[in-house]
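*Asks:* Following the hints, position chain V against chain G.
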Amino acid sequence: SQQGEEDPQALSIQEGENATMNCSYKTSINNLQWYRQNSGRGLVHLILIRSNEREKHSGRLRVTLDTSKKSSSLLITASRAADTASYFCATGDKETSGSRLTFGEGTQLTVNP
Amino acid sequence: DAGVTQSPTHLIKTRGQHVTLRCSPISGHKSVSWYQQVLGQGPQFIFQYYEKEERGRGNFPDRFSARQFPNYSSELNVNALLLGDSALYLCASSRRGQPGFSGNTIYFGEGSWLTVV
Chain G
28 SQQGEEDPQA
38 LSIQEGENAT
48 MNCSYKTSIN
58 NLQWYRQNSG
68 RGLVHLILIR
78 SNEREKHSGR
88 LRVTLDTSKK
98 SSSLLITASR
108 AADTASYFCA
118 TGDKETSGSR
128 LTFGEGTQLT
138 VNP
Chain V
49 DAGVTQSPTH
59 LIKTRGQHVT
69 LRCSPISGHK
79 SVSWYQQVLG
89 QGPQFIFQYY
99 EKEERGRGNF
109 PDRFSARQFP
119 NYSSELNVNA
129 LLLGDSALYL
139 CASSRRGQPG
149 FSGNTIYFGE
159 GSWLTVV
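Chains as they are written, first to last, in the working numbering: chain G, 28 to 140; chain V, 49 to 165.
Hints are computed from structural coordinates only; laboratory data are not their basis.
Keep in mind that this is a model prediction, so the values were computed, not measured.
For each residue, glycine too, the CB sits at the ideal point set by N, CA and C.
You may find that some hints are simply not true.
What the hints assert, rightly or not - Derived pair list, reagent style BS3-like, types lysine-lysine, alpha-carbon separation capped at 30 angstroms:
#: 1; chain 1: V; residue 1: K61; chain 2: G; residue 2: K83
#: 2; chain 1: G; residue 1: K53; chain 2: V; residue 2: K78
#: 3; chain 1: G; residue 1: K83; chain 2: G; residue 2: K97
Said to hold, decoys possible - Pulled from the structure, derived: some chain G residues nowhere near chain V, Cβ distances all over 12 angstroms:
#: 4; residue: N58
#: 5; residue: G67
#: 6; residue: E82
Here chain V stands alone, though its shape is the one from the complex:
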């Protein structure tokens, strides 16, 4: 089975532009999460979606939004890009993701490298 797949792998955008990143979870996984990893730091949680509903949001501005589709794939959108948005954006999937559930192995994709110039 394919792992978590993300596209595009690399992209360069100009300040003020908009970007859409895409993620396909592992087959059978219903929970998708997004993380931002700035160079030299650990990943920071942005969003989690489970069964197409937002289940968690990290400390990111409203310029960041996401959604999950009926096939459980997901998009992360970032508007009005800033230089500080340059980072590796990681998508993760897990089989379950409802509140209170533990023991969830979470698998990550290879990420999308975003450079804002």
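Next up, chain G with everything else stripped away, as it sits in the complex:
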């Protein structure tokens, strides 16, 4: 079963705009990871945020985590056509090793040139 829910399911923006994707989850977590997946390809790791962290940056990516609301957001600034992909959040919960991830359904991002 899917723990996370991404919102929105699909997002279409113009190049240069910012894209924000949200993720909600249900259980207590050790960490939350965001991944990108180009059509039919494997998952590319973007960023990991631990349960005791509130915000993390990596290049044009900014991730926030609110454990009280069991939610996270991924912000991509100054988007490019190459950012077009599906984005997934995945949680590692406290009951398992943290190597067992539970994924949401993903957000399909389309960046129009």
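*Replies:* Using the frame of chain G, we list chain V on its own:
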């Protein structure tokens, strides 16, 4: 260093047949996990192996089995294939994977596309 490598990349099998998928983790990584991703959905956890022992199993039937070898590579086996087994099978590796450990960045391979006809 090479990333997580999987083989084969694509394969077609007939219902009732057996399939073996292979995975080599990133050098130095001792934990390997397997996921199934059906088109349009997020990946679903199947198995995790750490130090050659099964550490977790998802909600999949006994037709699915896996193992990890002394060099930390892994195989996923699926018996008596059904049409519903058609999916992208993803292998992931991480440096550690013991219970209670957090902060593990998990890296995925490109996957093996299985089509069952």
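*Asks:* Now, for every hint given, state plainly whether the structure supports it.
*Replies:* These are the hints, each one checked on the structure:
no. : hint          : in the structure
1   : V/K61 - G/K83 : violated (44 angstroms)
2   : G/K53 - V/K78 : holds (28 angstroms)
3   : G/K83 - G/K97 : holds (16 angstroms)
4   : N58           : violated (5 angstroms)
5   : G67           : violated (7 angstroms)
6   : E82           : holds (16 angstroms)
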